Amino acid sequence: DGGITQSPKYLFRKEGQNVTLSCEQNLNHDAMYWYRQDPGQGLRLIYYSQIVNDFQKGDIAEGYSVSREKKESFPLTVTSAQKNPTAFYLCASSIDGGTGTYYGYTFGSGTRLTVV
Amino acid sequence: AQSVSQHNHHVILSEAASLELGCNYSYGGTVNLFWYVQYPGQHLQLLLKYFSGDPLVKGIKGFEAEFIKSKFSFNLRKPSVQWSDTAEYFCAVNILTGGGNKLTFGTGTQLKVEL
Chain A
10 DGGITQSPKY
20 LFRKEGQNVT
30 LSCEQNLNHD
40 AMYWYRQDPG
50 QGLRLIYYSQ
60 IVNDFQKGDI
70 AEGYSVSREK
80 KESFPLTVTS
90 AQKNPTAFYL
100 CASSIDGGTG
110 TYYGYTFGSG
120 TRLTVV
Chain B
-14 AQSVSQHNHH
-4 VILSEAASLE
6 LGCNYSYGGT
16 VNLFWYVQYP
26 GQHLQLLLKY
36 FSGDPLVKGI
46 KGFEAEFIKS
56 KFSFNLRKPS
66 VQWSDTAEYF
76 CAVNILTGGG
86 NKLTFGTGTQ
96 LKVEL
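So the sequence lines, in the order shown, correspond to chains A and B. Read in the numbering used here, the first sequence has 33 at position 24, and its numbers run on one by one without any break. Read in the numbering used here, the second sequence has 63 at position 78, and its numbers run on one by one without any break.
I should point out that these hints are in silico values taken from the structure, not numbers from a laboratory. Among the clues, some could well be false.
[Stated by the list, open to error] Subject to a maximum C-alpha distance of 25 Å in a straight line, what follows is the list of computed SDA-like cross-link-like pairs (lysine to any residue):
#1 B:Lys46 / A:Gly12
#2 B:Lys43 / A:Ile104
#3 B:Lys97 / A:Arg121
#4 A:Lys18 / B:Pro25
#5 B:Lys97 / A:Phe97
#6 B:Lys97 / A:Gln46
#7 A:Lys18 / B:Gln27
#8 B:Lys34 / A:Ser118
#9 B:Lys34 / A:Gly11
#10 B:Lys97 / A:Arg53
#11 B:Lys34 / A:Leu36
#12 B:Lys34 / A:Gly12
#13 B:Lys34 / A:Gln46
#14 A:Lys66 / B:Tyr10
#15 A:Lys66 / B:Asn17
#16 A:Lys80 / B:Leu31
#17 B:Lys46 / A:Gly11
From a predicted model like this one, the values you see are computed outputs, not experimental measurements.
Bound-form chain B, shown alone:
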């Protein structure tokens, strides 16, 4: 079965610091990749997604992610974080097998941005 690994479980940064959250998946075929964010007390929201084409995808709120197929990675980045980015971030993978769509999520990374 496919799996998704997020190696950073808790990250603490100061405002204006750069952010990179790691995401690796274990499947050699075609995948769709997602990053979701869950702000305190709010719904899960889609940050960005990759389906095909340019491996560098841009999402909302200044986030971007790069798909590196050879490394099975889809790391999330932001050049300068803000206090309002404090949230939990989830990487998710959908494997295109024709057997129906279902996302497999990573364990999440709790980001705390300090003023």
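Chain A extracted, bound-state conformation:
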């Protein structure tokens, strides 16, 4: 079955460490997105990528970095510069960045990151 796989499901990080969250899709979608979900704040866009080797900052990109070397993969690194990284992180994809939202996004099951 096609879909988005996020791993790990739970991740614990010590303060000062960088961690990388994985997002892989086998839907042949061009566009991929990272959102952060916090209680009472909804989903906020961190980074998005419409095509391979290209990505743009979202609304809350500070303290995060991404890469898009392959169409199917869009890993997110939470750096030590992110002051409040404990959150639920969701990856999504859409058919393409131009018209993909006609079909909506497909979301992964998320990674819950906790800083200890």
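Let chain A serve as the given structure and place chain B on it in line with the hints.
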């Protein structure tokens, strides 16, 4: 920057009650509008979407939403809720600027349906 407001943060209803969740957005141009639902422990799922045409759109599980352009609103409705509708509901807006698609989400409404 565009924003999306969901004014009801927590809603508690009894089964068979009618539901209306408010959603307002702040952008005067062309938009695509969505409602997503997140059931406990599950992925976000698309409930319904509006692109153009009939402003009353019907989605899955008996939900519908009405786009009122003059009010910048896209409220979600269901005539009779069920216990299984307990979930968090998110309104989302995509602005058609040619600069790429990215959804802006509201803060969500937590719906609890009691038996």
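Verification of the hints:
1. Taking the CA atoms of B:Lys46 and A:Gly12, the gap is near 22 Å; set against the 25 Å cutoff, the hint holds.
2. Taking the CA atoms of B:Lys43 and A:Ile104, the gap is about 23 Å. The hint holds against a cut of 25 Å.
3. Straight-line distance between C-alpha atoms of B:Lys97 and A:Arg121 comes to about 23 Å, which keeps the hinted pair within the 25 Å bound.
4. In summary, the hint linking A:Lys18 to B:Pro25 is supported, as the alpha carbons are separated by about 15 Å, within the 25 Å threshold.
5. Taken as a hint, the B:Lys97 and A:Phe97 pair is honoured in the structure, with Cα atoms around 21 Å apart against an allowance of 25 Å.
6. Restraint check for B:Lys97 and A:Gln46: the C-alpha separation of about 20 Å stays at or below 25 Å, so the hint holds.
7. With a CA separation close to 12 Å, the supplied pair A:Lys18 and B:Gln27 stays within the 25 Å bound.
8. Restraint check for B:Lys34 and A:Ser118: satisfied, since their Cα atoms lie roughly 21 Å apart, inside the 25 Å limit.
9. For the given pair, B:Lys34 sits about 22 Å from A:Gly11 by alpha-carbon distance, which is consistent with the 25 Å threshold.
10. At roughly 24 Å between alpha-carbon atoms, B:Lys97 and A:Arg53 fall within 25 Å of each other, so this suggested pair holds.
11. Note on B:Lys34 and A:Leu36: the hinted pairing holds, with a Cα-Cα distance of about 21 Å set against a maximum of 25 Å.
12. Under the criterion of a C-alpha separation no larger than 25 Å, the hint pairing B:Lys34 with A:Gly12 is consistent with the structure, at around 20 Å.
13. Distance check on the hinted pair: B:Lys34 and A:Gln46 sit about 21 Å apart at the alpha-carbon level, within 25 Å; holds.
14. For the suggested pair A:Lys66 and B:Tyr10, the alpha carbons sit about 22 Å apart, so the restraint of at most 25 Å is met.
15. Under the criterion of a C-alpha separation no larger than 25 Å, the hint pairing A:Lys66 with B:Asn17 is consistent with the structure, at around 21 Å.
16. A C-alpha spacing of about 23 Å is found between A:Lys80 and B:Leu31, which places the hinted pair at or below 25 Å, so the restraint holds.
17. Only pairs whose Cα atoms come within 25 Å are accepted, and B:Lys46 paired with A:Gly11 is accepted, the gap being roughly 23 Å.
Of the numbered hints stated above, none is contradicted by the structure.
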